[in-house]
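Student: Listed here are the chains, written in short residue letters.
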Amino acid sequence: MSEALQGLIYGLGVATVPANLLAALMGALLGTAIGVLPGLGPVAGVALILPLTFTFDPTVGLIMMAGIYYGSLYGGSTTGILINIPGEAPSIVTAIDGHQMTLKGRGGAALTLTAVASFVGGTIAVIGVLLFSPVLSEIAIVFGPSEFFALTAGGLLVLSRITGGSFASGFLPMVLGLAMSTVGVEAVSGYDRFTFGTQDLLHGFSLVPVVVGAFGVAEILMMVDRYANRIRPPAVGWRDLVPTREEVNRSWLPWGRGTIIGFLFGLLPGPSATMSSFAAYRLEKAVSKNRDKLGTGAVEGICGPEAANNAAATSSLVPLLALGLPFSTVGALMIAAMMVQGIQPGPLLLIQHPDIFWGVIVSCYIGNIMLLVLNIPMVGIWVKMLTIPTHILISLIIVIASIGAFSVHNAIFDVWVLCGMGLVGYFLRKMGFHLAPLVVALMLGPIIEKHFREALYLSNGDLTIFVESAISVILWIVVLVLMLTVPLAKVWQRMSARRGTLEAD
Amino acid sequence: MKILNTILAAGAVSLTTLATGAVAQSYPDRDLTFVVPYNPGGSTDPIGRAFSAELSKILDRNVVVENRPGGSATIGTGDVVKSDPDGYMIGLGSNSSLAYQPLDKDNLAYASPDDYEILVKLVDLPAVLYVSADAPWQTLEEFMNEVKAKPGEVRVSVSGLRTAPDLVVQYINANNEDIDIRTVPFSGGGGEALTAVLSGRVEASVGYGPSIRSYVDAGKIRALGVFNDKVYEAFPEATPVSELGYKQYLPASYYVIAPNGMPDDVKRKLIEASAQAVQAGDFVKFAETNSYQLDPKTPEEAEQELREYSEIFAQILAFIGG
Numbered sequence: 001m002s003e004a005l006q007g008l009i010y011g012l013g014v015a016t017v018p019a020n021l022l023a024a025l026m027g028a029l030l031g032t033a034i035g036v037l038p039g040l041g042p043v044a045g046v047a048l049i050l051p052l053t054f055t056f057d058p059t060v061g062l063i064m065m066a067g068i069y070y071g072s073l074y075g076g077s078t079t080g081i082l083i084n085i086p087g088e089a090p091s092i093v094t095a096i097d098g099h100q101m102t103l104k105g106r107g108g109a110a111l112t113l114t115a116v117a118s119f120v121g122g123t124i125a126v127i128g129v130l131l132f133s134p135v136l137s138e139i140a141i142v143f144g145p146s147e148f149f150a151l152t153a154g155g156l157l158v159l160s161r162i163t164g165g166s167f168a169s170g171f172l173p174m175v176l177g178l179a180m181s182t183v184g185v186e187a188v189s190g191y192d193r194f195t196f197g198t199q200d201l202l203h204g205f206s207l208v209p210v211v212v213g214a215f216g217v218a219e220i221l222m223m224v225d226r227y228a229n230r231i232r233p234p235a236v237g238w239r240d241l242v243p244t245r246e247e248v249n250r251s252w253l254p255w256g257r258g259t260i261i262g263f264l265f266g267l268l269p270g271p272s273a274t275m276s277s278f279a280a281y282r283l284e285k286a287v288s289k290n291r292d293k294l295g296t297g298a299v300e301g302i303c304g305p306e307a308a309n310n311a312a313a314t315s316s317l318v319p320l321l322a323l324g325l326p327f328s329t330v331g332a333l334m335i336a337a338m339m340v341q342g343i344q345p346g347p348l349l350l351i352q353h354p355d356i357f358w359g360v361i362v363s364c365y366i367g368n369i370m371l372l373v374l375n376i377p378m379v380g381i382w383v384k385m386l387t388i389p390t391h392i393l394i395s396l397i398i399v400i401a402s403i404g405a406f407s408v409h410n411a412i413f414d415v416w417v418l419c420g421m422g423l424v425g426y427f428l429r430k431m432g433f434h435l436a437p438l439v440v441a442l443m444l445g446p447i448i449e450k451h452f453r454e455a456l457y458l459s460n461g462d463l464t465i466f467v468e469s470a471i472s473v474i475l476w477i478v479v480l481v482l483m484l485t486v487p488l489a490k491v492w493q494r495m496s497a498r499r500g501t502l503e504a505d
Numbered sequence: 001m002k003i004l005n006t007i008l009a010a011g012a013v014s015l016t017t018l019a020t021g022a023v024a025q026s027y028p029d030r031d032l033t034f035v036v037p038y039n040p041g042g043s044t045d046p047i048g049r050a051f052s053a054e055l056s057k058i059l060d061r062n063v064v065v066e067n068r069p070g071g072s073a074t075i076g077t078g079d080v081v082k083s084d085p086d087g088y089m090i091g092l093g094s095n096s097s098l099a100y101q102p103l104d105k106d107n108l109a110y111a112s113p114d115d116y117e118i119l120v121k122l123v124d125l126p127a128v129l130y131v132s133a134d135a136p137w138q139t140l141e142e143f144m145n146e147v148k149a150k151p152g153e154v155r156v157s158v159s160g161l162r163t164a165p166d167l168v169v170q171y172i173n174a175n176n177e178d179i180d181i182r183t184v185p186f187s188g189g190g191g192e193a194l195t196a197v198l199s200g201r202v203e204a205s206v207g208y209g210p211s212i213r214s215y216v217d218a219g220k221i222r223a224l225g226v227f228n229d230k231v232y233e234a235f236p237e238a239t240p241v242s243e244l245g246y247k248q249y250l251p252a253s254y255y256v257i258a259p260n261g262m263p264d265d266v267k268r269k270l271i272e273a274s275a276q277a278v279q280a281g282d283f284v285k286f287a288e289t290n291s292y293q294l295d296p297k298t299p300e301e302a303e304q305e306l307r308e309y310s311e312i313f314a315q316i317l318a319f320i321g322g
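For the record, the sequence lines run as chains A and B. Counted from 1, the first sequence has number 47 at position 47 by full-length UniProt numbering; the numbering is strictly sequential. Counted from 1, the second sequence has number 64 at position 64 by full-length UniProt numbering; the numbering is strictly sequential.
A hint or two may mislead.
Claimed, not checked - Where chain B lies over chain A, by a calculated footprint (3+ residues, C-beta under 8 angstroms):
| # | stretch |
| --- | --- |
| 1 | 195-202 |
| 2 | 289-297 |
| 3 | 347-357 |
| 4 | 389-399 |
| 5 | 449-457 |
Stated by the list, open to error - One-sided and incomplete, this derived list gives chain A residues near chain B with beta-carbon spacing under 10 angstroms:
| # | residue |
| --- | --- |
| 6 | A47 |
| 7 | I141 |
| 8 | V142 |
| 9 | V185 |
| 10 | Q344 |
As the list claims (entries may be wrong) - Derived CB-CB ranges, DEER-like:
| # | chain 1 | residue 1 | chain 2 | residue 2 | range |
| --- | --- | --- | --- | --- | --- |
| 11 | B | E177 | A | Q6 | 54 to 64 angstroms |
| 12 | A | I351 | B | G245 | 33 to 43 angstroms |
| 13 | A | M385 | B | G321 | 55 to 65 angstroms |
| 14 | A | R193 | B | E300 | 34 to 44 angstroms |
| 15 | A | V481 | B | N62 | 51 to 61 angstroms |
| 16 | B | D282 | A | F194 | 26 to 36 angstroms |
No lab work stands behind these hints: they were computed from the structure. Model, not experiment: these values are computed from the prediction. Built from N, CA and C at the ideal position, the CB exists for glycine as well.
Take the sequences, apply the hints, and build the full model.
Tutor: Written as structure tokens, this is what we have:
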């Protein structure tokens with residue numbers, strides 16, 4: 001405790017040096033811009049500024065990189081909420097209820113609430129990191145292949161019906177996503193699968209062009225439909241930017257729940273920002289008082305996920321700084337920034353370079369305050385997006401999305417994937433399928449397979465390894481409960497309803 | 001000896017700079033691209049960046065690092081091999097991407113050193129065998145006795161099947177009747193193979209200095225052995241396997257490559273600048289702090305070395321049935 005307090009004071013001293021303040025501001029600004037532009041993600045942004053950081057003090061570079069990462073999560077939901085085009089994978093679920101709010105004229109309030117949600121998630125996570133990072137860093141070690149298999153495979157099952165609808169409307173896209181995830185170089189032994197001898201397919205289907213295609217390009221095609229039918233969301237006046245008291249009151253609990261979920265996911269490897277926002281949405285569906293309204297423009301559906309993905313981005317600094325383990329591409333870039341400057345990331349960073357360790361963590365706190373101050377007034381500007389003539393908006397988005405897709409691997413093939421997924425997404429949606437399960441499956445498929453096979457290598461083929469540890473067993477029980485409660489409740493309702501009618505007779 | 005070499009090299013450089021003064025003005029007249037065929041971050045990216053920073057100082061042009069990962073580094077490497085031979089695109093190659101991958105895949109843009117130019121060899125990275133700090137084995141000899149007593153049972157985590165650390169282990173398995181170490185893949189980069197040791201899921205792991213350095217310093221793991229023919233300066237406590245009579249080393253080796261067919265004066269200038277860059281103070285310091293073994297080799301020596309690697313990899317593949 002006193003160590004954390006000393007660290008906080010020391011870190012405050014480092015983070016408030018003018019150069020570091022400027023770095024946090026630059027990172028926040030760049031991150032917001034990158035987040036708002038669909039398809040351009042934090043990975044592209046951080047990779048671009050990596051060479052710049054070599055000439056600065058390492059702390060400056062790392063603060064700026066972290067700023068871009070969590071800053072992009074502030075802006076990421078803007079286009080999703082206003083025009084139903086999520087900028088990156090974590091904001092897919094925010095767009096569900098956020099865009100419904102826009103259609104009801106509450107888009108400005110939705111943006112304000114997500115900015116505050118991001119702030120709550122980000123700042124509470126910083127406090128968690130400050131207090132608990134030495135203890136929490138061990139979590140990554142407790143989780144082995146069999147535990148991760150339970151988490152990811154169970155997670156896929158639970159999330160497959162996240163958007164509701166019939167069983168088939170989520171299941172078919174999920175199977176499609178799993179099939180797509182097998183294309184490319186397979187992770188465990190490096191064999192090529194379904195590449196048909198081409199170089200382009202070696203990368204497989206990357207998340208960014210698929211997400212931006214299936215949601216962004218498909219939505220643009222839908223917009224063309226709607227334009228023909230002259231349905232447009234109502235414009236948002238200045239007064240509508242302020243959330244009502246009722247909206248704020250309903251946000252507190254989702255903010256808190258989302259922050260806890262996001263914080264825990266950030267400590268584990270994998271796409272934690274995306275996973276946590278999906279999980280937070282699923283949690284709201286299970287426990288929120290207004291769970292029946294989710295999907296129709298409920299504030300719970302935006303506040304939980306947005307708090308979660310920012311908390312995850314912040315808590316993923318724990319394994320990065322305390323263990324030197326990069327659990328995300330952005331983390332790997334931050335490790336590279338340290339190594340080029342001769343700093344050894346790892347368990348000794350706290351002792352050898354306390355200025356970096358505490359400075360980066362405290363700067364996250366300052367960065368989040370900057371982002372809140374920046375983003376609240378920006379809401380008024382973003383909502384003007386709704387007044388841009390549709391033909392100009394569409395052209396702009398297509399150009400930006402293509403650049404974003406290209407930037408992932410510097411490959412033109414990804415732009416074709418973007419276009420193809422746009423068409424696939426358009427037709428699937430026209431037929432009433434849900435696309436979120438496709439993205440979840442594409443993201444988790446390779447991870448599930450990898451952990452499954454690694455566990456079997458570890459046990460020499462013995463399947464009991466999957467239920468050997470208490471963590472795996474608990475995870476599977478949670479999955480079973482979540483999977484079975486809704487269908488069982490329905491059966492129960494039907495049975496009691498029948499009994500009721502029998503007794504009435 | 002080293003000083004003498006440096007003086008000779010410096011003399012040679014200044015002489016040839018005089019001789020090719022006309023070229024120096026025309027090439028390079030714009031920025032160069034340095035392709036790193038790996039993800040940004042990761043253990044290989046920094047060596048490419050450190051080298052291109054030095055090259056940039058020498059050529060007085062920006063040398064822009066471009067990451068083109070994928071296909072076990074064959075995509076970016078293929079891009080360099082196929083690029084216009086004008087001296088403006090060069091890239092990082094390794095014994096894995098240049099010598100091993102062509103044996104594994106037959107649709108690559110290159111098959112042997114005949115298909116590209118090697119400008120310089122950069123560094124070697126010997127593989128280290130390490131165990132958790134609370135493991136019972138204190139020396140490499142004790143560990144190898146355990147391996148011999150339990151063939152096929154002692155597990156060593158590696159960063160994916162048929163990756164460099166896996167091949168290091170299979171190389172020693174293939175050439176010693178009494179050794180059968182079981183490798184377990186953890187393909188999330190070196191980090192997951194390392195956590196498998198820390199959590200006691202496997203008996204040991206084979207990895208590389210840059211990713212384990214701080215864990216050794218923190219006393220969480222113990223470097224028992226190094227697949228090397230001499231003491232590894234970064235880990236002097238690790239016993240070279242050569243001391244126990246094993247002759248299988250197989251370090252990760254890194255080179256700088258360029259496409260075939262560059263104009264002679266451009267090629268000469270690039271080779272000279274590259275040789276200068278690997279001896280520059282900042283690069284040497286970078287190599288030392290990150291546990292790389294400096295091994296500057298001329299293009300001819302490097303080509304010979306890569307051909308030898310090809311034979312070794314072919315033998316290992318025959319052994320594991322690849």
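Student: Is the shortest C-beta separation between A:V185 and chain B less than 10 angstroms?
Tutor: 6 angstroms, holds
Student: Determine whether the Cβ-Cβ distance between A:V481 and B:N62 falls within the hinted range of 51 to 61 angstroms.
Tutor: Because 58 angstroms falls inside the window, the suggested range holds.
Student: Given a hint of 26 to 36 angstroms, does the C-beta separation of B:D282 and A:F194 actually sit inside it?
Tutor: The hinted range 26 to 36 angstroms is violated for B:D282 and A:F194, with Cβ atoms some 45 angstroms apart.
Student: Given A:Q344 as an interface hint, is the shortest Cβ-Cβ distance to chain B below 10 angstroms?
Tutor: 4 angstroms, holds
Student: Given A:I141 as an interface hint, is the shortest Cβ-Cβ distance to chain B below 10 angstroms?
Tutor: Nearest chain B Cβ about 5 angstroms off; hint holds.
Student: Would you say the C-beta atoms of B:E177 and A:Q6 sit inside 54 to 64 angstroms of each other?
Tutor: Taking Cβ atoms as reference, B:E177 and A:Q6 lie about 58 angstroms apart, which means the hint holds.
Student: Quick check on a hinted range of 33 to 43 angstroms for A:I351 and B:G245, using CB atoms only.
Tutor: At 39 angstroms between Cβs, range holds.
Student: Given that the stretch 449-457 of chain A was listed as covered by chain B, double-check it with a C-beta distance under 8 angstroms for 3 or more residues.
Tutor: holds (count 4)
Student: Please check whether A:M385 and B:G321 have a Cβ separation lying inside 55 to 65 angstroms.
Tutor: About 59 angstroms separates the Cβ atoms of A:M385 and B:G321, which means 55 to 65 angstroms holds.
Student: Establish whether the coverage given for the stretch 195-202 of chain A by chain B is satisfied; the threshold is a Cβ-Cβ distance below 8 angstroms, and no fewer than three residues must meet it.
Tutor: holds (count 3)
Student: Classify the hint on A:A47 as holds or violated, based on whether any CB of chain B lies nearer than 10 angstroms to its CB.
Tutor: 5 angstroms, holds
Student: Identify whether the interface hint at A:V142 stands, where standing means a beta carbon of chain B within less than 10 angstroms of its own.
Tutor: A:V142 check passes; min Cβ-Cβ to chain B is 7 angstroms, inside 10 angstroms.
Checked against the numbered hints above, the structure violates hints 2, 4, 16; every other hint is satisfied.
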